[in-house]
Amino acid sequence: MSAEAKRLDWRGLVIPVGFVVGAEFAARATGWESSMLASPSGIVAAFWTVLIDGTLLHATAATLATSLAGLAIGSIFGLLIGIPLGLSRTADRLMEFSIEAFRPIPAVALIPIALLVFGFGFRMEISIVAFAAFWPILILTRAAVAGVEPRLIQVARALGFGATARVWKIVLPAALPRIFVAFRLAAGIALIVAVTVEIAANPLGLGYNMILAQQTLRPELMLALLVWLGVVGWAFNHILLWSQKRLFGPAAMIRIER
Amino acid sequence: MALIAFEKVDLTLGGRPILAGIDVSIRKGEFLSVVGPSGCGKTSLLNLAAGLLTPSAGRITYAGKPVTGPRQDIAIVFQDYGKALLPWRTASGNIALALEAMNYPKEKRAARIAELLALIGLSRHADKFPNQLSGGMQQRLQIARCLAQDPSVLLMDEPFGALDAMTRQALQDEVLSIAARTGATVLFITHDLEEAIYLGDRVIAMRPNPGRFEISFDIDLPRPRDQLTTRERPEFLKMRRELFDVIKEVEH
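In order, the protein sequences belong to chains Z and W. One point on numbering: in this note's numbering, the residue at position 19 of the first sequence is 19, and numbering is uninterrupted. One point on numbering: in this note's numbering, the residue at position 114 of the second sequence is 114, and numbering is uninterrupted.
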C-alpha cells in the first residue's frame, strides 16, 4: 500500500484543481446561476447543509444497505448455482440455454415487475440489485471452478478425499481468488443499479435525492450528491481491493509469477 | 509374493487402445523402473496401479484384492510438482493435507509435519509457500506429502524429469534411502535409461501403439548404489547399452 502511495504523482491533481478554481472564478465573474450549473463554493455549501441535517447520512446508508443486501443475495445464489455448474459438465449443458436466455435482460427493465410485486421500498430495489449482481458471480464462479488445475483434483483423489472434501479443501480455495474478482465486479454493478433504480423509480437513497434536487431546481445539491457518489464508489472499490490483497496475497503472487 | 499384480490388462480410452496385454507382478519391497518412449502408456500404467483409471480388460490386484479406487497406502509423486502442490498453503500446510485426508489425530499433526520436513531437509522452509521454493525443494515437498501417508507403495511418474542434473542425482539417492528405510515398494516411471538402471531392482522397457512390455531384466548391481562407482561398473554400462538398443528399436 505504501509503495502505491509513493507512486501517486501530485502533478495529476493540477488539472482537476485548476478546473475547480477556474469554475469558481468564472462563476463569480459572470455571476452565473442557473437551473443547470452551480459554483464550486455553492456545491460545497449544499454538501455541508445535507451533511449537517443528516439527509446525506441517511440517503447514503439507504443506498449502501440496498446495494450490499442485493449484492449478498445475488452472490449467494450465484455461488450456489455457479459452483455445481463448474463442477459438472452435464449440469452446465443442461442449464446453458436457460442461463443464456435470461442473462441478456437488463436489470433495470425489471423495475415495472418488481414494482408490481413489492411496491416502492427496499425489497423492490434489493431484488433488482440482486438480479444484476447474480450474473457476473454465476458466470465467473462457473469459469473459476471449471478452471481449477486438474492435477490438484487428481492429488485430492489420490489422497483419498471424498467429493465434499475435494470441493471444500481444493476446488473452493483454488477458485476463490477469481471468485473474489467476480465479487468486486458485481459490487460495482450493484451500486450502479441501486442508484439507477432510485433515480428511475424508488423514493429512497442518494439517487432519489439527486433526482429530487434536480426537479426542485437545486443544481448545487444535485452536483454535491454526484461528487459524493463518486467518493462512495471509489471508497467501496478500494475497500474491496484492499481486502483482496490481504486475503489472497500469496495466491495472487503465484498468479503473477506464472 | 506379489504386492501389485497386473493380469492381462488392456486399457482403452475414448476408443483408442492405450495399453494391451500388460502382465506383471511387483514384489513387496521391489523397486521397479519402467522406461519407454513418450506416448507408450507409462503414465496410464501408473494411474491404473493408483486406481485412478480402471482397466478395460483384465484385472489389477493389490495384496491379492482387486484395486477399485485410490487408497491411502499407495502414494503418487507427480512430475509437475508446480501443479500438484496447493499454492495457497505453506510447506507445512501441504503436508497437513495428507494428514487431514487420513484423519490423523490433530494434536499429533505438528510433530509429524516437523518430522517429515526434517526427513526431507525442508525444516527451515516450513512456512514458505510453494512458489517461494526452488523446483527441487518443491519436489521434495511433494515427496514429503506422500510419505505423510506412510505408504506401502510409492508410484513415481517421471518425478525428476524437470529438474537439473545435480538436483536430480541428490533426489535419486534420497528416494533410494527412503525406499531402503521404509521398505516401500516403488514403481518408478522415467524416460531416462540411466536413472532407470541406477534406481531399480528390475527394469521394464515399453513399446508404444498400443503400449506393451518389450523386455524386462533384473538389475544385480549391489546396494547401496553410488552415483560415481555404480554408474562406472561394466554391468551398468552393458545394461545401458542393451536398453538403449531396445528403446531405439521400438521408437522406429
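No lab work stands behind these hints, which were simulated from the structure alone. Be a bit skeptical, because a hint or two may be false.
Pulled from the structure, derived: some chain W residues nowhere near chain Z, Cβ distances all over 12 Å [claimed, not checked]:
#1 Pro66
#2 Gly82
#3 Ala179
#4 Leu237
Derived lysine-lysine pairs resembling DSS-like cross-links, with alpha carbons at most 25 Å apart [as the list claims (entries may be wrong)]:
#5 W/Lys108 x Z/Lys169
#6 W/Lys83 x Z/Lys245
#7 Z/Lys169 x Z/Lys245
#8 W/Lys83 x W/Lys28
#9 Z/Lys169 x W/Lys106
#10 W/Lys238 x W/Lys248
#11 W/Lys65 x W/Lys28
#12 W/Lys83 x Z/Lys169
#13 W/Lys8 x W/Lys65
#14 W/Lys65 x W/Lys83
#15 Z/Lys245 x W/Lys128
#16 W/Lys238 x Z/Lys169
#17 W/Lys128 x W/Lys108
#18 W/Lys28 x W/Lys8
Built from N, CA and C at the ideal position, the CB exists for glycine as well.
Each hint tested on the structure:
1. Pro66: holds, 17 Å
2. Gly82: violated, 8 Å
3. Ala179: holds, 19 Å
4. Leu237: holds, 37 Å
5. W/Lys108 x Z/Lys169: holds, 20 Å
6. W/Lys83 x Z/Lys245: Status holds; Cα separation ~23 Å.
7. Z/Lys169 x Z/Lys245: Cα-Cα ~21 Å, so holds.
8. W/Lys83 x W/Lys28: Between lysine 83 of chain W and lysine 28 of chain W the Cα gap is close to 30 Å, so the pair fails against 25 Å, i.e. violated.
9. Z/Lys169 x W/Lys106: Distance of about 16 Å is within 25 Å: holds.
10. W/Lys238 x W/Lys248: Distance ~15 Å between lysine 238 of chain W and lysine 248 of chain W Cα, so the pair holds.
11. W/Lys65 x W/Lys28: holds, 15 Å
12. W/Lys83 x Z/Lys169: holds, 15 Å
13. W/Lys8 x W/Lys65: Satisfied, since the Cα-Cα distance of roughly 16 Å is no more than 25 Å.
14. W/Lys65 x W/Lys83: violated, 32 Å
15. Z/Lys245 x W/Lys128: holds, 18 Å
16. W/Lys238 x Z/Lys169: violated, 49 Å
17. W/Lys128 x W/Lys108: Holds, at about 21 Å.
18. W/Lys28 x W/Lys8: holds, 20 Å
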